[in-house]
Amino acid sequence: MKTKLYHFLMRYMHVTGLIAFAYDPDDADTKAALKAAVDEAVAPVLAKNKELLGEVKKAKRGAEIDPAEHERLETELDATKAQLADVNKQLKTANKAAEDAGKALDGERGFTQSLLVDQGLSAALLETGVKNPAHLKAAAALLKTSNKIEIVAGDDGTRSAQVGGKPLAEFVKGWAAGDDGKAFVSAPVNTGGGAAGGSGSGGGGNVKGNMAGTPEERRAWIDAKKAEAGVTD
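Residues in the sequence shown are numbered consecutively from 1, following full-length UniProt numbering.
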């Protein structure tokens with residue numbers, strides 16, 4: 001059964017934002033808020049403990065000691081010590097709960113990063129015409145390292161990836177249309193049929209064959225293999 005102090009600390013951390021999406025156990029404000037919660041919960045017990053210790057010492061220094069009063073003070077002091085030990089135990093439980101919440105948040109952040117950023121980049125790049133797998137991977141890495149991609153929560157709680165206030169897909173579309181992005185966008189496949197075959201090596205003679213490259217490079221690679229095998233269209 002959770003103790004009163006445990007529930008108090010949990011409620012305090014929720015109110016002050018310790019257990020929330022922005023929770024950071026190493027953040028100075030987080031540490032200060034947690035310390036304030038602990039001090040507020042433990043202070044009355046420590047004060048009572050100090051008061052009783054003072055009364056016991058005062059009674060022992062007196063010329064006459066009332067055995068009944070001394071026994072009462074000792075009993076109350078023992079009870080307070082036990083209560084303080086219980087407070088420390090509950091504090092450890094509360095700290096463990098906060099630590100677990102932080103770990104869970106880290107896992108959720110990793111999932112969100114993969115879903116909204118990594119997969120979002122791939123989908124947006126494919127939509128803009130970056131079809132080559134190698135180009136797709138390189139473009140995604142370039143965009144991630146050269147731009148600050150943020151996860152933003154909307155009024156309805158839905159989160160989305162944005163760059164400079166723009167939705168990720170819109171930003172990628174603009175990038176692909178610029179000079180930097182055009183180099184990654186695959187050229188449209190030529191569906192002219194006979195024209196490509198008739199040109200043979202003449203039309204693509206200056207293009208280096210590469211099966212994993214652009215459409216022109218793939219065509220040059222196929223033509224070269226046909227020539228090696230003595231196959232004609």
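No lab work stands behind these hints, which were simulated from the structure alone. It cannot be assumed that every hint is accurate.
As the list claims (entries may be wrong) - Derived pair list, reagent style BS3-like, types lysine-lysine, alpha-carbon separation capped at 25 Å: (1) Lys92 <-> Lys81; (2) Lys96 <-> Lys81; (3) Lys48 <-> Lys92; (4) Lys81 <-> Lys35.
As the list claims (entries may be wrong) - Listed next, with one range per pair, are the computed distances between beta-carbon atoms: (5) Lys48 <-> Leu115: 48 to 54 Å; (6) Glu40 <-> Ala153: 26 to 32 Å; (7) Ala123 <-> Ala153: 19 to 25 Å; (8) Ala82 <-> Asp39: 17 to 23 Å; (9) Ser146 <-> Ala97: 56 to 62 Å; (10) Lys137 <-> Asp100: 33 to 39 Å; (11) Asp155 <-> Leu115: 16 to 22 Å; (12) Arg159 <-> Pro133: 24 to 30 Å; (13) Ala123 <-> Leu84: 56 to 62 Å.
All residues carry an ideal CB built from backbone N, CA and C; glycine is no exception.
Which hint numbers does the structure go against, in order from smallest to largest?
-> 9
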